[in-house]
Amino acid sequence: MQNDPGDAGPDEARRRLFTTMYTIRLFEEEVTRLRAAGDVVGSVHLCNGQEAIYAGTCAALDLTRDIVFPTYRGHGWTIACGAPIEDMFAELLGRESGLNGGRGGSAYLSAPQWGMYGENSIVGAGAPIATGAALAATFDNSGRVAVAAFGDGALNQGAVHEAMNFASIRHLPVIFLVENNRYSELTVTATMVASDRLFKRSSAYGFPGVRIDGNDVGAVRATVAEAARRARAGEGPVLIEAMTERLVGHYIGDAEQYREPGELDRARETEPLVRCARELLDAGVTESELEALKEQVRRDVAEASRRALASPLASPDTVLEHLYA
Amino acid sequence: MQNDPGDAGPDEARRRLFTTMYTIRLFEEEVTRLRAAGDVVGSVHLCNGQEAIYAGTCAALDLTRDIVFPTYRGHGWTIACGAPIEDMFAELLGRESGLNGGRGGSAYLSAPQWGMYGENSIVGAGAPIATGAALAATFDNSGRVAVAAFGDGALNQGAVHEAMNFASIRHLPVIFLVENNRYSELTVTATMVASDRLFKRSSAYGFPGVRIDGNDVGAVRATVAEAARRARAGEGPVLIEAMTERLVGHYIGDAEQYREPGELDRARETEPLVRCARELLDAGVTESELEALKEQVRRDVAEASRRALASPLASPDTVLEHLYA
Amino acid sequence: MPEETKNLTYAQAVNEALSRALAERPETLLFGEDVGIPGGVFGVTKGLRRQFGERVFDTPISESAILGGAIGAALVGMRPIAEVMWADFTLVALDQLINQAANVRYVSRGALTAPITVRTQQGSGPGACAQHSQSLEAIFAHVPGLQVCMPATAQEAYDLLLSAIWSDDPAIVIENRNVYHGEKEPVRLGGPVRPVGGAAIRRPGTDVTVVTWGTMQHRVLDAAERLQAEGISCEVLDMRWLRPFDTAAIHASVARTGRLAVVHEAHTFAGLGAEVVASVAESGLTLSAPPLRLGAPDVRIPAAPSLLAEVIPSAPRIAESVHRLVHQSRHAA
Amino acid sequence: MPEETKNLTYAQAVNEALSRALAERPETLLFGEDVGIPGGVFGVTKGLRRQFGERVFDTPISESAILGGAIGAALVGMRPIAEVMWADFTLVALDQLINQAANVRYVSRGALTAPITVRTQQGSGPGACAQHSQSLEAIFAHVPGLQVCMPATAQEAYDLLLSAIWSDDPAIVIENRNVYHGEKEPVRLGGPVRPVGGAAIRRPGTDVTVVTWGTMQHRVLDAAERLQAEGISCEVLDMRWLRPFDTAAIHASVARTGRLAVVHEAHTFAGLGAEVVASVAESGLTLSAPPLRLGAPDVRIPAAPSLLAEVIPSAPRIAESVHRLVHQSRHAA
Ligand SMILES: Cc1ncc(C[n+]2csc(CCOP(=O)(O)OP(=O)(O)O)c2C)c(N)n1
Ligand SMILES: Cc1ncc(C[n+]2csc(CCOP(=O)(O)OP(=O)(O)O)c2C)c(N)n1
Ligand SMILES: [Mg+2]
Ligand SMILES: [Mg+2]
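Here the protein sequences come in this chain order: L, X, Y and U.
Going letter by letter, the first sequence gives residues 195 to 519 in the numbering used here.
Going letter by letter, the second sequence gives residues 195 to 519 in the numbering used here.
Going letter by letter, the third sequence gives residues 34 to 366 in the numbering used here.
Going letter by letter, the fourth sequence gives residues 34 to 366 in the numbering used here.
Check the hints yourself; a few may be wrong.
[Claimed, not checked] Facing chain U, from chain X, some residues (calculated, C-beta under 8 Å): (1) Val235; (2) Gly288; (3) Val317; (4) Val404; (5) Asp407; (6) Tyr452.
[Stated by the list, open to error] Distance ranges between label pairs, derived from CB positions: (7) L:Arg423 x X:Ala230: 53 to 63 Å; (8) X:Arg453 x U:His214: 36 to 46 Å; (9) X:Glu450 x L:Ser389: 56 to 66 Å; (10) U:Ile234 x X:Lys394: 41 to 51 Å; (11) L:Asp511 x Y:Gly264: 54 to 64 Å; (12) X:Phe333 x L:Ala504: 55 to 65 Å; (13) U:Glu37 x X:Gln451: 23 to 33 Å; (14) U:His214 x X:Asp459: 47 to 57 Å.
Calculated directly from the structure, the hints in this document are not laboratory data.
Where is the CB? At the ideal position from N, CA and C, for every residue including glycine.
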């Protein structure tokens with residue numbers, strides 16, 4: 195699931211992308227079950243339908259030095275970065291073995307050892323932080339590229355504006371990646387901006403913006419790869435608007451009354467997993483190979499969930515630790 | 195000094211504009227003296243050189259219903275709105291008879307009865323507030339237009355971004371007026387933005403932006419008049435970038451080490467008072483008429499300062515009043 | 034508005050207050066993220082857009098524009114009711130409340146006023162992350178010029194919100210999402226709107242005064258019930274308004290009971306409980322036992338329920354602490 | 034760094050600390066508005082850009098980007114020292130301090146840390162407006178995960194700033210512009226950097242403990258001098274660090290003197306003085322007189338000197354209040 199060394203053939207690479215995306219999808223579906231069963235509590239934001247953005251981006255990055263800053267909708271990012279899904283389930287389940295021992299939860303977890311530098315539940319707040327990590331790259335010779343991921347609605351938050359201007363004038367190696375699923379919670383984002391061509395916002399700060407099909411994992415991968423090359427070369431930030439669809443509610447329990455009739459049916463036709471599977475078949479992968487691959491993911495996810503459920507709850511004994519060094 | 199009814203002939207109008215600008219200039223020069231003498235204390239931000247923006251704007255507005263929201267650099271705005279300069283001196287001098295009884299001071303005074311709805315010493319904070327006053331105009335049938343005035347450096351503040359997007363999507367009658375004097379305190383603003391063509395920022399929000407010669411009082415007046423017409427007609431906000439020069443320091447005491455050699459000499463050639471005086475003479479006003487006019491302003495300013503100095507200090511007896519209704 | 038009593042949830046009571054304000058006061062506006070067409074992320078403003086049209090609307094995710102916009106509209110005569118979905122989010126735009134709204138009247142000596150009402154909600158909940166769990170009332174209450182309340186019941190949610198809207202100064206109404214859709218209770222609607230301020234005795238008692246506010250009071254009342262069984266009579270004082278703060282009510286109760294405990298969900302250190310204890314200490318009232326503060330320890334609020342339960346005062350922990358407080362002094366006595 | 038003593042102003046002492054940090058720790062960065070090329074709006078960072086080049090730079094007027102940028106850089110190993118020109122301005126970006134910096138270590142169990150130092154300054158001054166006069170330490174100190182100090186002298190400005198920079202957690206250093214360019218005093222430079230925390234007795238005394246912090250201590254020491262003449266011996270305790278808070282030092286002093294007063298420039302209501310009084314009350318220490326809090330009343334800070342003088346505690350007012358406190362109890366005794 196980590197970034198693809200490139201020496202792997204194109205088919206192998208596509209297989210990995212599919213595996214990553216399918217793992218994300220099944221992870222979210224399992225979380226949905228766990229939430230319904232009451233094992234996971236609190237508000238949970240799923241990313242079903244947006245998987246290509248995470249898989250494509252992480253495949254284009256060098257996660258030994260590049261880092262990503264997602265939002266509360268970050269399970270997919272975390273998986274694409276390569277964090278163990280058992281530890282993720284454990285985190286959502288409030289287990290001691292969770293990625294953060296249950297301190298983070300679904301909406302604020304982090305896996306820095308995998309390049310995932312933390313979800314953020316404050317809309318827009320991750321943009322200046324990612325910009326700061328990119329600022330460091332101009333001093334520490336790390337060659338780091340930082341990815342600030344946020345949604346379409348976040349572009350109206352002041353912190354995002356300040357981050358983009360700051361990154362632009364210092365030519366910082368940061369990629370502003372907008373996961374445009376057309377909704378800000380229950381509100382149609384197009385009604386909250388004069389123009390919904392959000393990639394054009396970057397022109398105000400003098401750096402390039404591009405809109406891509408965020409459900410086309412290959413397009414995401416290629417676009418991010420080029421943006422990362424530019425950034426590493428000191429050519430500054432890029433704004434990538436990845437068009438996608440959220441196939442589920444903003445949070446588990448969302449009644450989704452804001453949907454147009456038929457909207458989700460249309461979305462399911464263009465969703466990334468269906469497309470990537472078709473591409474694999476077109477590329478000569480057999481139905482049975484694909485089925486075997488899916489079966490493996492199903493087993494992995496089920497096994498990880500079972501293990502996490504069986505592990506002990508976060509122990510209150512250490513609840514006061516780690517506030518300060 | 196208030197908005198010009200228009201029935202006055204063009205010469206008369208220009209005379210009034212000159213009188214307003216000259217009053218502002220002499221007011222600031224008198225404040226400089228009072229500060230040096232220790233009668234005025236604390237940090238004071240003068241607007242010498244930027245007078246055409248205030249005179250031209252207020253002449254284009256209908257201050258019986260339109261309102262302005264300046265920054266800490268707001269003496270000129272307050273005078274152009276028509277507030278009594280004696281009360282302004284008194285405010286800076288901490289007198290009971292001050293516009294705000296000494297509560298506001300130089301950087302945070304207000305004169306709402308004159309359409310001046312308050313300076314703001316938080317960079318950018320006035321933009322959303324002015325936008326809110328414009329929001330009200332879409333409900334109260336006042337026909338109000340609100341002017342949010344701020345400097346070139348303020349465009350990098352998140353609140354300004356949020357205000358512009360908010361105003362744009364609701365087509366609010368607000369004019370974003372940038373007093374571009376090229377400096378953010380001691381820093382060259384051009385180094386803090388990728389493009390110093392600040393009027394282009396509005397395109398990100400889908401409303402017009404225009405750059406004008408902010409030292410040409412006629413140009414300011416005409417541009418604001420058109421922007422106000424549009425705004426009142428429900429066509430939404432406009433960003434006006436008025437290019438000007440601050441002929442003095444950011445604050446009294448500023449060593450101005452950031453200046454290029456000769457920079458101020460050049461600025462003095464294009465400063466608004468010199469130009470407006472020339473225009474008056476070209477239009478047939480005689481030297482002696484002009485001199486008489488200036489003499490009157492000199493007397494008014496000197497008299498106002500003297501009266502304010504003679505008035506009693508703000509009384510501590512009422513210092514706890516007016517915190518709540 | 035004619036008086037009537039309805040069985041309502043906390044959320045419905047808030048909705049009734051907003052509906053009344055919009056109906057009786059044409060200058061009111063109601064806006065915020067998802068507040069209009071969706072009817073609120075918690076469903077609290079449901080139906081108001083349909084009923085009152087354009088005066089109820091959705092905003093971008095721009096808290097500075099929301100709060101600054103409310104202030105600007107208020108300066109020219111409107112009465113905006115702005116929602117900030119979580120108190121934690123006020124921190125991206127606190128300038129507008131502390132540097133702007135709080136200053137307007139004082140600095141202009143009343144020539145300008147900003148009668149805005151900010152509806153928000155706060156508090157922890159199992160699974161909620163550290164950025165959605167804070168109790169920030171001490172920050173707001175420290176600011177002269179602001180008014181702050183924390184309604185704990187459906188009736189208070191209705192009454193205090195109306196008092197806030199009717200008030201001519203900025204007010205922050207801090208609700209709690211955990212009780213929005215709880216049990217219905219009879220709520221008296223209509224009638225005169227009370228002025229801002231004033232604590233309420235939720236349970237009279239003689240042995241110890243337990244001061245609290247917000248939904249923590251439900252745990253305190255539960256604890257008081259347990260203590261009654263142990264022969265300890267608690268007087269439970271719900272401050273309701275944290276600014277203005279009804280210090281007199283605290284002193285009067287403590288004068289009767291001679292013992293003081295304060296319980297809140299916010300962090301104990303520099304929390305408002307310190308103000309309660311300090312004002313009693315300054316008053317010179319003699320206590321038969323040292324006062325007690327119970328709140329969250331120095332920690333960030335963790336998401337895992339097993340951890341959260343450890344850091345937020347629970348009814349048993351409150352009962353145990355108050356028991357010790359009373360017991361020790363009875364022995365002393 | 035070799036130890037030496039120099040005569041320095043407060044501003045020069047801060048400059049020396051910054052210079053030492055930049056010299057000894059290559060991972061330090063120093064940035065903020067006007068901090069680089071202009072050398073700071075108060076001249077505090079003069080010469081550092083020339084000496085350390087790109088690591089010292091100017092930023093746009095974007096506090097969220099400044100603080101968020103500092104956090105992001107810190108997460109990957111840098112030690113950013115960010116300046117926010119006035120504490121009042123932190124309110125446009127408080128999210129980055131409270132929702133972000135304060136959470137990082139705890140929520141990740143130490144896998145991530147944000148060792149940023151935020152240099153700011155606060156306080157009132159004649160003619161300064163209400164948006165440039167606030168004392169906000171109680172807001173910062175209420176937040177677990179943050180560290181907060183208020184150096185009052187040139188030596189402390191040097192020492193505490195270095196402690197903050199060397200600390201592996203976020204720290205807010207609140208300076209005061211009124212003392213930047215005052216009298217020079219001998220300042221010990223170099224030597225080991227002290228860990229964060231710890232109060233200091235500025236003046237030993239026996240009759241009453243006067244707790245204070247920041248530059249208010251100069252007025253308190255002045256008052257103590259006057260009171261000495263009246264036969265009242267004050268022990269003046271400078272807290273220096275407001276988080277962590279050296280409660281033990283307060284209790285130890287009060288145990289000796291039996292009387293307590295707290296003086297700060299911030300608003301009294303819900304100010305940190307309440308924490309001081311509450312912690313002593315809880316401790317069960319017996320006082321021979323009710324404790325006293327002296328701070329700013331409920332008001333916005335006015336610009337006019339004649340008004341400002343009325344609302345900020347002055348040496349005479351402090352002396353008078355402490356005198357009454359001691360006197361009344363001596364009579365009682
Ligand atoms: C500062 C702030 N304001 C409001 C919220 C509440 N909120 C959480 S998600 C969300 C919508 C975000 O929409 P978008 O940016 O498009 O991201 P998406 O949820 O669609 O991935 C809002 C308003 C928040 N978390 N932070
Ligand atoms: C939020 C905030 N940050 C920083 C400051 C300090 N400050 C006051 S004026 C100023 C420069 C503003 O420059 P510009 O917007 O161009 O206005 P000008 O002073 O040139 O009129 C700064 C940084 C402030 N008052 N508020
Ligand atoms: Mg979205
Ligand atoms: Mg400027």
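For a quick check of understanding: which of the numbered hints are violated here, in increasing order? Numbers 4, 5, 8, 9, 10, 11 and 14, in rising order.
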